[in-house]
Amino acid sequence: MKTLLKILLVASVAISAGAKEVKLLNVSYDPTRELYAEYNAAFTKYWKAKTGDDVVISQSHGGSGKQAQSVINGLEADVVTLALAYDIDAIAAQARSLPADWQKRLPNNSTPYTSTIVFLVRKGNPKQIKDWDDIVKKGVSVVVPNPKTSGGARWAYLAAYAYALEKNNHDDAAARDFIKQLYKNVPVLDSGARGSTVTFAQRQIGDVLLAWENEAHLALKEFGEDKFDIVTPSISVLAEPPVSIVDKTVKRHGTTEVAKAYLDYLYSDEGQDIAGKNFYRPRSEKAAAKYAGQFASLKLVTIDGEFGGWTKAQKTHFADGGVFDQIFQP
Amino acid sequence: MKLNRWLFGTIIGTQFACASFAADDVDVQALKKQIQELDQKVRILEREREIDQDSAATVAKAAPKISLGASGFNFSSGDSNFVAQLHGLVQFDSRTFFEDGGLKGNDGFLIRRARPIFQGTVFHDFDYQFTPDFGGSTVQIQDAYLNYRYSPWFQVQAGKFKSPIGLEALQSDPATLFNERSLATDLVPNRDLGIALKGDLFNGVASYALGVFDGAPDYAGSTANLSSQDSKAVVARVFFQPWKNSDVNALRGLGFGLGGSYEGDHPATNSATGLTSGYTTDGQQKFFSYKTDVFADGPHWRLSPQAYYYYGPFGLLAEYVVSDQQVRKSTTGQAADLQNKAWEISGSWLLTGEDASYTGVTPLHPFNPRNNQWGAWQLVARYGELNVDDNAFVGSVFADPKKWASGAQAWTVGLNWYLNKNFRANLSFARTVFSGYTGGTPSPGTVITAAQPENVLFSRLQLAF
Numbered sequence: 002m003k004t005l006l007k008i009l010l011v012a013s014v015a016i017s018a019g020a021k022e023v024k025l026l027n028v029s030y031d032p033t034r035e036l037y038a039e040y041n042a043a044f045t046k047y048w049k050a051k052t053g054d055d056v057v058i059s060q061s062h063g064g065s066g067k068q069a070q071s072v073i074n075g076l077e078a079d080v081v082t083l084a085l086a087y088d089i090d091a092i093a094a095q096a097r098s099l100p101a102d103w104q105k106r107l108p109n110n111s112t113p114y115t116s117t118i119v120f121l122v123r124k125g126n127p128k129q130i131k132d133w134d135d136i137v138k139k140g141v142s143v144v145v146p147n148p149k150t151s152g153g154a155r156w157a158y159l160a161a162y163a164y165a166l167e168k169n170n171h172d173d174a175a176a177r178d179f180i181k182q183l184y185k186n187v188p189v190l191d192s193g194a195r196g197s198t199v200t201f202a203q204r205q206i207g208d209v210l211l212a213w214e215n216e217a218h219l220a221l222k223e224f225g226e227d228k229f230d231i232v233t234p235s236i237s238v239l240a241e242p243p244v245s246i247v248d249k250t251v252k253r254h255g256t257t258e259v260a261k262a263y264l265d266y267l268y269s270d271e272g273q274d275i276a277g278k279n280f281y282r283p284r285s286e287k288a289a290a291k292y293a294g295q296f297a298s299l300k301l302v303t304i305d306g307e308f309g310g311w312t313k314a315q316k317t318h319f320a321d322g323g324v325f326d327q328i329f330q331p
Numbered sequence: 048m049k050l051n052r053w054l055f056g057t058i059i060g061t062q063f064a065c066a067s068f069a070a071d072d073v074d075v076q077a078l079k080k081q082i083q084e085l086d087q088k089v090r091i092l093e094r095e096r097e098i099d100q101d102s103a104a105t106v107a108k109a110a111p112k113i114s115l116g117a118s119g120f121n122f123s124s125g126d127s128n129f130v131a132q133l134h135g136l137v138q139f140d141s142r143t144f145f146e147d148g149g150l151k152g153n154d155g156f157l158i159r160r161a162r163p164i165f166q167g168t169v170f171h172d173f174d175y176q177f178t179p180d181f182g183g184s185t186v187q188i189q190d191a192y193l194n195y196r197y198s199p200w201f202q203v204q205a206g207k208f209k210s211p212i213g214l215e216a217l218q219s220d221p222a223t224l225f226n227e228r229s230l231a232t233d234l235v236p237n238r239d240l241g242i243a244l245k246g247d248l249f250n251g252v253a254s255y256a257l258g259v260f261d262g263a264p265d266y267a268g269s270t271a272n273l274s275s276q277d278s279k280a281v282v283a284r285v286f287f288q289p290w291k292n293s294d295v296n297a298l299r300g301l302g303f304g305l306g307g308s309y310e311g312d313h314p315a316t317n318s319a320t321g322l323t324s325g326y327t328t329d330g331q332q333k334f335f336s337y338k339t340d341v342f343a344d345g346p347h348w349r350l351s352p353q354a355y356y357y358y359g360p361f362g363l364l365a366e367y368v369v370s371d372q373q374v375r376k377s378t379t380g381q382a383a384d385l386q387n388k389a390w391e392i393s394g395s396w397l398l399t400g401e402d403a404s405y406t407g408v409t410p411l412h413p414f415n416p417r418n419n420q421w422g423a424w425q426l427v428a429r430y431g432e433l434n435v436d437d438n439a440f441v442g443s444v445f446a447d448p449k450k451w452a453s454g455a456q457a458w459t460v461g462l463n464w465y466l467n468k469n470f471r472a473n474l475s476f477a478r479t480v481f482s483g484y485t486g487g488t489p490s491p492g493t494v495i496t497a498a499q500p501e502n503v504l505f506s507r508l509q510l511a512f
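Line order of the protein sequences matches chains A and B.
Numbering (the numbering used here) for the first sequence: 2 to 331.
Numbering (the numbering used here) for the second sequence: 48 to 512.
Among the hints, erroneous ones may be present.
[What the hints assert, rightly or not] With a straight-line Cα cutoff of 27 Å, these simulated DSS-like cross-link-like pairs (lysine-lysine) come out:
| # | chain 1 | residue 1 | chain 2 | residue 2 |
| --- | --- | --- | --- | --- |
| 1 | A | Lys21 | B | Lys88 |
| 2 | B | Lys88 | A | Lys128 |
| 3 | A | Lys24 | B | Lys245 |
| 4 | B | Lys245 | A | Lys185 |
[Unchecked claim] Derived DEER-like restraints, expressed as beta-carbon distance ranges:
| # | chain 1 | residue 1 | chain 2 | residue 2 | range |
| --- | --- | --- | --- | --- | --- |
| 5 | B | Val186 | A | Asp102 | 34 to 42 Å |
| 6 | B | Ala205 | A | Glu286 | 52 to 60 Å |
| 7 | A | Lys46 | B | Tyr195 | 31 to 39 Å |
| 8 | A | Pro331 | B | Asp72 | 33 to 41 Å |
Bear in mind the hints are in silico, worked out from the structure with no lab data behind them.
Each residue gets a CB set at the ideal place from its N, CA and C atoms; glycine is no exception.
Just chain B, same shape as in the assembly (with noise of 0.2 Å):
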């Protein structure tokens, strides 16, 4: 009895214990199971987690940019194909004049430029600028103009802007090391308008362009929104820096070109003589002008060699320009060919260390007197010289000597101070004297320019971005 009931217990134990144990068996298999779709399902997520992120890091590169930094305002599409800018320059100058000889009102303060710069590309390959100008006593518009960009080499610019003729000119305004361009400025056109053909080759090694113009005459301050004139002027420049991206440091600075214009005829109209208003100083005193009734009456060419050089803190600028113009007098018929000559060269040196460039200085410790930061510091010198054609004053028959001068020689010192990439103020003192005037002590109350040397200190605070 007891052996059938310990067989009994012990059978039914087994079968109890076997079953038991293939139960826990079917769980664990179903666990497992379990457990790798679980862990399936969270790879899953994850990935997906990973790919949205992948799309949202997509997503935010097509979506518009904004910035806002030393180079102004910048709205760009995500693809960079539209792209609009807003840049600005403000120049608040003063202009101090001694041993003027008793000239009243030239000293005081001005706004030389205030400029809202509007930029842009549109389609990629289309840009655009448009830039009034609220300085001085009247409103004009500097710039405006549409350029297509094939290629960097190929581009295709039509509006109002900088003629390609001088270097010096060409400079952007921001960058000048002077309150005032050079005597052989006078000899080129500013802005002026028409079409032209640009682009750079070589990566930057060589630059040109070459358009047609309305023909603007010698340097004058202020520039028309339209042509007086039929005739029109071809411009050409081309400009080399052989070394620009060589490993020879010395002369990765070099360029040297050569600028130049072509107008055939340039006759008279009602509205203008096609002559220059006149050639001024640093002081933008008037030294040199025809008389009111010659006119330009023929071809007039120019000519401007030109070169720089930046190598480290220094750099060096220079600059000769021929204007070549025939002219008449109408009352008289008498004519000539006028050759006008002048030729700049300046120099300046950083003592803060920082690189020489035709495009700025960027400090390398900007303005920061808590941390002992004091920006950049330059020194300027230039030399320029103007010289009329001396036909012009022969006989009194075209300009008169006793009230103008044949002949300009300026000499400028200066020293400059970049606080930062953006903020600039500038002091320095020109003097200019003239040859050529036979007009002696004018009257009480004359004013003539040519009668004594100009001496000018001129400082300035500039705001560029």
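Pulled out of the complex, with its shape left as it was, chain A reads as follows (with noise of 0.2 Å):
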């Protein structure tokens, strides 16, 4: 009876060996599309020289406020890289999939690159838009998407906000008309970023396109330079989108170790230099100076120094009865 057990235990082991191949599900906001289309080919090779192993690597694209509601509803990501670290917060709390302080689990807050919003306008600029004033003017058409299911959206919003309190010396009374003129001037709410996108660029909708700095690039990459100009507003807000693993997915799945080297390997020289190819601003000094051409200096804004974190900013702002549903009328 021994005997027979050892050579069952050899024979799974001998099966078990050699190379294996492991699934891993990304669950991403909306314009991460070719960030993460080129890095997972990198890690992919990465991986495979490490461990032997093919990982295949599925993505999910979406609202990030979406796509966290997703997660929460059952889609069994194993890791996500949402647009804002309120969404993931969501998993944890509401999925409990993960624990309370996930962000400190990864250098820099879990954000291993960093962006900001700024305006995609028609070539030749042709509103003269030059800073948030002039977007809330009458007769100017805005696009972007909407800040209930979209993690760009609230960067985008908030952004416009903090430059309505700064010019109003603080008066939040004065920054929510701002922002009630401002969402006046938008025909329509796209569910994510890259909807906007296609509204603006393609449908041809609107003036000016409030767009994550990296989304605007793109929009020149793919459409060309001479549909679009990028404008840099004065003020505009320091975005962070955080990564983390879902630890009860990939306790289920098997898949811890792949999954926590898949989030590692965006703080690497090769996956920092990705990200700033793809027009997100890389954490690394070396990355940073590699691509600092390509971004444009202005004052960033946090929010955890403008807003008192995320929770106030979703709570007072984005929730059921917060201050976006009491100034939009659709």
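Since each chain comes alone in its own frame, lean on the hints to assemble the complex.
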């Protein structure tokens, strides 16, 4: 009997030995398609060389808030790479599939790259849009996604709010009026950033798109520099899109090791270089220096500094009955 | 005067024309602007329509789904976290005995199985199944269990379900090749009550089950819903399909494994002897039973090496079972360790080219005479033996050789016709010969199965969905 069990054990080990195929699902926000297409190919190569295993990475993209809700509802993400920390906090709080202090597990608050919000205008800037004041003028049509579902839209909203606060000596009522005026100029609310890019660039709606910096550069690259110009406002927000493994799922899938390595590799030289190449602002000094030329310098406010953190900002502005619900009439 | 009038007319005319051109230009600009605004409005409306369509598609994805097909009724929530399924199995059989020594009442039609099968999932990971059976002469619960799926390789199942030992016993009822399972299955338990860890490893290359059960006796047609003893049986099984996911076609269908059980003490109780109620033939006639004053007293273990091989239309399934039981005779206190053994090998060949498999056959061309399609046809054959320990009969202490056989050898041949995935017809002939019976020719009116070979012609109509 013992001999038989030993034979079975040896057989099972022999079967399990050798290269295996590992599957990962990265649930991400809307404009990261190109970034992760390139990064996944690089990581797959790196992991194969390191372990001999093949890793097959699937991507899911959509508005950050919607993606977080999908994970809460059971979408089995091994890793989440979302637009803002609040969305991953929501997964931690509601699905309890990762610890509340998840953001402390990786450097830079688990944010391997940053970005900001800029303006994409039509070539020659016919409406002469130079700063936030110009987009609230009557007759200017603004394209931006719905902050209820899109992370990028929340960053854009808060960037505009920060500008209005600064301009009005932190008069909150004046800032609200400013935001109200801005959303009066928004004809269509898409659910995600990529949808708004389609609205502006392909459907040719609106005079200005409030876009992720990387998305604006991508639009220039994809549709041609003869079609659009990027306008950098005087002030914007330091957008920090964070990443995390989903502990419960990776344990269940047996993918903890590869999922951790997948996120760690974002901080590597190659990972940072790919981020810079895709117009995300890299964290490493080396990559930041290499790509410094493609990013305009501007004043960047932080969510913690200007709005008291994401939890407070979410509750005040984007929760049901919050400021956005009060000022926006569809 | 003429000149003046001409000059006056020219000046007035020029001014009027300029004013008129200026007015036209303003109109054109206004029209241009209006067209641009209208263009934007149209574009916005079109985009809103696109967004609405996307939203509708998203909502549709989240809507509950209902489907009806060859796999039964399926109701599921949009995210598939909640699923309810209804399946069914009906088997209508006939058995016709030949040269049966004048036995009466054996030939006839019967509803072998009539089972609505309710199964499903709640909260994504929690599965359930409930299967009553209205076939035969009594209604009984075949399966009633809950299963928690942490992952494919780690599941916990509790309730009443098939004890994971025998390969043929574990094959689903609609997928078995013959009307009745072989003599080898006589030595493994049927359904039992218990809890088991189970799972598939390496994408199904290996599977395991390890559980604690009440400890059902050797194969019994009907199964209890409660335990009548304190002791419990540990049951385990491992099964390997090393080439399941490989490109080696000839080996992809090879599987082999080992199942077994151990129960340290299996004492008799007021309500049960702890022993099998008897071993039966293909024709479901009992050919062996212990004496009524004999009961289980001590460890009971089983071991069953098993394998199958499927390659294209060819299928082979084989298993060997040892069931070792300590018994005692209550009236005299005599005890013995009895070891009963059985084995079987069955083969199949699909004449119409479909792939054979452990889980059933799907016809390439479902029966439809209007299109000259005739379903799938399969030849099947089986040989099996069961040998009761000779010590059971020594001195007629534990079993009576004048009533029962100490061994049975059975062969069966048949033809299966799969009209479609759900409907099947079988015809088979089984012959079982017995050894060890010493009772001679029974007196008229006495029924002794082992007194002469059993020859049975089976037929079956089966609906499974």
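Structure-based check of each hint:
Annotation: proposed proximity of Lys21/A to Lys88/B is violated, straight-line Cα distance about 55 Å (limit 27 Å). Restraint check: the Cα-Cα separation between Lys88/B and Lys128/A comes to about 18 Å, which is no more than 27 Å; the hinted pair holds. For the given pair, Lys24/A sits about 22 Å from Lys245/B by alpha-carbon distance, which is consistent with the 27 Å threshold. A C-alpha spacing of about 59 Å is found between Lys245/B and Lys185/A, which places the hinted pair above 27 Å, so the restraint is violated.
For the pair Val186/B and Asp102/A, the beta carbons lie near 56 Å from each other, so the given range of 34 to 42 Å is not met. A beta carbon spacing of about 57 Å between Ala205/B and Glu286/A agrees with the range 52 to 60 Å that was offered as a hint. For the pair Lys46/A and Tyr195/B, the supplied restraint of 31 to 39 Å holds, since their beta-carbon distance comes to about 38 Å. Between Pro331/A and Asp72/B the beta carbons are some 39 Å apart, a value that agrees with the proposed interval 33 to 41 Å.
The structure does not agree with the numbered hints 1, 4, 5 stated previously, though it agrees with the rest.
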